[in-house]
Amino acid sequence: MNEMFDKVKKNLIWKSVFRRDYRNTVRDRAAAIFGNVFLHIHPVKVRESAVKLRYTWGMGGITFFAFIILTITGIVLMFYYHPTVSHAYEDMKDFEFQVPYGVISRNLHRWAAHFMVIVVMIHMFRVFMTGSYKAPRQFNWGVGVILLVLTFLLSFTGYLLPWDQLGFWAITVGTNMGAATPLLGYQGPFSEFLHITPYNDVRFALLGGATVGGNALLRSYIWHCVAIPLVSIILMAVHFWRVRKDGGISRPQITDKETTL
Amino acid sequence: MNPFIEIITKPDNIAIVIMIILVSFFMAWAFLQAFQNDKLMALGQGVDGERDQDVDTYKPLVRIELIIALVVMVGLTVWSILVDAPLEEIANPTITPNPAKAPWYFLGLQELLVYFDPWLAGVVLPTLIIVGLIAIPYIDINPKGNGYYTFSERKYAILTFSFGFFILWLLLIVIGVFFRGPGWLWYWPWQEWDTQRVVFEPTRDLSTMIGIDSRSIGGFIIGAVVVLGYLVGGMIAPYKYFKKKFPEFLEQMGMIRYSITMFLFITMMSIPIKMILRLVFLVKYIWITPWFNV
Numbered sequence: 001m002n003e004m005f006d007k008v009k010k011n012l013i014w015k016s017v018f019r020r021d022y023r024n025t026v027r028d029r030a031a032a033i034f035g036n037v038f039l040h041i042h043p044v045k046v047r048e049s050a051v052k053l054r055y056t057w058g059m060g061g062i063t064f065f066a067f068i069i070l071t072i073t074g075i076v077l078m079f080y081y082h083p084t085v086s087h088a089y090e091d092m093k094d095f096e097f098q099v100p101y102g103v104i105s106r107n108l109h110r111w112a113a114h115f116m117v118i119v120v121m122i123h124m125f126r127v128f129m130t131g132s133y134k135a136p137r138q139f140n141w142g143v144g145v146i147l148l149v150l151t152f153l154l155s156f157t158g159y160l161l162p163w164d165q166l167g168f169w170a171i172t173v174g175t176n177m178g179a180a181t182p183l184l185g186y187q188g189p190f191s192e193f194l195h196i197t198p199y200n201d202v203r204f205a206l207l208g209g210a211t212v213g214g215n216a217l218l219r220s221y222i223w224h225c226v227a228i229p230l231v232s233i234i235l236m237a238v239h240f241w242r243v244r245k246d247g248g249i250s251r252p253q254i255t256d257k258e259t260t261l
Numbered sequence: 262m263n264p265f266i267e268i269i270t271k272p273d274n275i276a277i278v279i280m281i282i283l284v285s286f287f288m289a290w291a292f293l294q295a296f297q298n299d300k301l302m303a304l305g306q307g308v309d310g311e312r313d314q315d316v317d318t319y320k321p322l323v324r325i326e327l328i329i330a331l332v333v334m335v336g337l338t339v340w341s342i343l344v345d346a347p348l349e350e351i352a353n354p355t356i357t358p359n360p361a362k363a364p365w366y367f368l369g370l371q372e373l374l375v376y377f378d379p380w381l382a383g384v385v386l387p388t389l390i391i392v393g394l395i396a397i398p399y400i401d402i403n404p405k406g407n408g409y410y411t412f413s414e415r416k417y418a419i420l421t422f423s424f425g426f427f428i429l430w431l432l433l434i435v436i437g438v439f440f441r442g443p444g445w446l447w448y449w450p451w452q453e454w455d456t457q458r459v460v461f462e463p464t465r466d467l468s469t470m471i472g473i474d475s476r477s478i479g480g481f482i483i484g485a486v487v488v489l490g491y492l493v494g495g496m497i498a499p500y501k502y503f504k505k506k507f508p509e510f511l512e513q514m515g516m517i518r519y520s521i522t523m524f525l526f527i528t529m530m531s532i533p534i535k536m537i538l539r540l541v542f543l544v545k546y547i548w549i550t551p552w553f554n555v
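Residue numbers (this note's numbering), protein chains in the order written: chain Y, 1 to 261; chain H, 262 to 555.
It should be emphasised that the hints constitute simulated quantities derived from the structure, not laboratory data.
These numbers come from a predicted model, not from an experiment.
No residue lacks a Cβ here, since even glycine has one placed at the ideal position from N, Cα and C.
The calculated lysine-lysine pairs, modelled on DSBU-like cross-linking and capped at a C-alpha distance of 35 angstroms, are: (1) H:K320 with Y:K245; (2) Y:K15 with Y:K45; (3) H:K320 with Y:K7; (4) H:K320 with Y:K52; (5) Y:K52 with Y:K245; (6) H:K405 with Y:K45; (7) H:K320 with Y:K45.
Just the calculated beta-carbon pair ranges, DEER-fashion: (8) Y:H40 with H:T456: 51 to 61 angstroms; (9) Y:I13 with H:L293: 49 to 59 angstroms; (10) H:W445 with Y:F152: 19 to 29 angstroms; (11) H:I436 with Y:H40: 40 to 50 angstroms; (12) Y:L230 with H:T456: 38 to 48 angstroms; (13) Y:V231 with H:A498: 40 to 50 angstroms.
Bound-form chain H, shown alone (with noise of 0.2 angstroms):
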């Protein structure tokens, strides 16, 4: 059979390609909603919903929420009589399949081993992930935009999260369960998997890319320099940045809820920084330590 279809309908992703699917047309729809309210606000009217009445529960609500749950159950249904759900070889420690892979919503995280560091990539990130995810409506102080599908109230909270969530999460799933194989390597989904191929690419430090070692006393500094800036010149940039074109922006956000926003959004901005350097340039570790690599 043809890889690609192969690939695709394995039964666990064709989980994946209906999410492909949803979400998708949800992320369509939400911001067609959003530039159609957007118009209705330019053109000095009210956005939708918002001459809205109240109607009774039952039956309006009831009655869509009977319909769902029924199109839902139908459809698993469906979806359960046509594939068998995989119940692989009783489990073997001594036999590792070739790629191990974890489930696929954690997918996005495996691939990040490929950057970083299990403590970062399988601890640290996915921690400041559900904290920063937390802490969204509390550092999120534009009062604009509740209720309603909207962009140009909202742009960079907007954005922002779009980016972490459709590239940093959903992509690099659809990453891992379609384009990784034996290895961890690259494999397009119309190519046949090789579990021989070897892939030599040698990779490098940063400060050994301007020849200093980076396992030396000025390696480590050299990292250290790197690392260290890029959080706290990350931080302090932006502020005199606002501090001299948006004071009353900073003024409202006050320190420490600035200083969160802009440790996790350079933090979040440091993952494609990362991939970037990994894969043009080929560095593997910008600061080697003795307890950590970064």
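With the rest of the complex left out, here is chain Y (with noise of 0.2 angstroms):
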């Protein structure tokens, strides 16, 4: 058995993905971090805090961990999918009936947008309740709060596109709102002194339209798809940085309480 771990091991197409043996040794512990791109997010050391689940709850993590998720089903739905009104719903139907794992990949995508907004939230009220948004992370909080709306528009925005009764009235009534917006919403207070119609103001604008239509339907599907998880990741981009270079997931600052150490 050893002999044939040894022949997979020391062939130089293994070596050349792998680059060098692990020995459990502190400089192979690094470099299992620093030598792979996808960990090297994380820092070669971290304080213990940062690995207690009591902690952190993971819960920044399964949010990330859902968005990943989330973007691989989407992918899939993607390909089956044509944002027009007269294919979006059927395409959903043959989705479910003709597509192997058709109801599965669509299950997992829905469920799993309701649960990045529940542990986002999650998420949220654990960073508060340690008080991690204090000096020196207020700016990352601030990230974290666009993320968090973000969020909430990626599954608003994905609400609409089986083009069902449920998503097409969801919208309705959530853009209905965008109407009553001060000086920019036909029903809003002072728009009559920018002479802001139907069909010029802020709902006008989201929806492509004054009612929910077509060209809705392709706004919220280029939102969903492109728009929003584009400006989605890059933020998540600097969150993740501003983390690591804030000094790492928050613990107990020690020098003011030197009496204990």
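Combine both chains into one complex, guided by the hints.
Structure, rendered in structure tokens:
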């Protein structure tokens, strides 16, 4: 058995991929992190609090993991979907009845989306309760709030895409709020001063029309599949980067408690 | 089927049930750890995590991440096998469902529509929530409680945040999901929905309570005095109080930070106040102007 492993590990191809043997030395444990493009998001060493489940609950990581699941299942859905009024609903039916694993792919996308909204809120609660937004992490809290809003918007824009009654009316109710925007919505206060009508207000811009129709479907699709994920990924990069640059996972300050150490 | 079972097992509502369970669990865990740390500090000992050493990322952290990822993946897969995502009838602009509900995470805001006009409930308040959240690190100048769970060191911050998060955000969502039926009327989960039901509940405006037409000049002035008085008085009264009792606290806060904090706080508190006015005193509007109503 060991001989076989040796043979696998000692050939040119294996070495070209993994470069070095893992020997459980300090050096190799560090190399496992910084030598790996995915893991090197982490520092080589972390405080114990970062590893304790009771401290972080793993909520930020779970949110990110849900985002990855949603990206993968979302791509699967995109292969079978046309964002047009005449096709969208039938595509969903087709996807469920004709495509192998269609039902479970769609279910995964739906439930992972709800799940992501839930865990991102719990993540915010955890960060608040541990006071982790305090110096030097004030800015990263702000980035996190924007990411929270983007999570809501990602889910919201996805609601319309199946083009069923549920999504159609949820989006109608949601975007009607836009019409009430002060100054910029046709039902909002002071909008008459800017000559705002149902045909040039915020809601019109959101929907690409005065009612939810084909343009709204296309806009939802592009916001949902391209624009918001793009912004989210950039902000996530900033968010994760700042976690490290601001000193890693928060921990009790030692400086003002010298007596105990 | 029993309407209660029906409403909590509606596919999309299962997510809300899961949310209630998860949030309750983590709320309990957070406060439990906070009280434990408070106890430790009262005894003069260090809080949890204070003596933590550095550990290798590989493997302890990577291992736990992998385990969590697997557990989440298995959980979501089981959920997806057991419950199918809803796909209702094809969209039909001519058939309005009753009630037409926004996605569940916006139902707290939709619930506010009972108490506020859309420009407030749907635009101004959500904007202030986002702005207020981002402002938290800059207005909370208490340096304590950074990096560990505690309650005693940050009572007011935690109480305010918890009130906003658990009551005004999550509880209103739960009400919107489980307690609102046709016509956005209140239904207990075990009650059958009745689309024919009409509730006649005459509402009035604040100034009509003392016999002045709310659309008259007098009503306008009364409304303006109450609303602006609430905003201005709500900022000045605590200022006077702090000036007397905790002048050094005001000093530290500074005028700008104090004003922003207080504005956000009294705006938040205006929500439960308006709810009570509406539910107990049947007041619809406090202030009617030609442009907007509050």
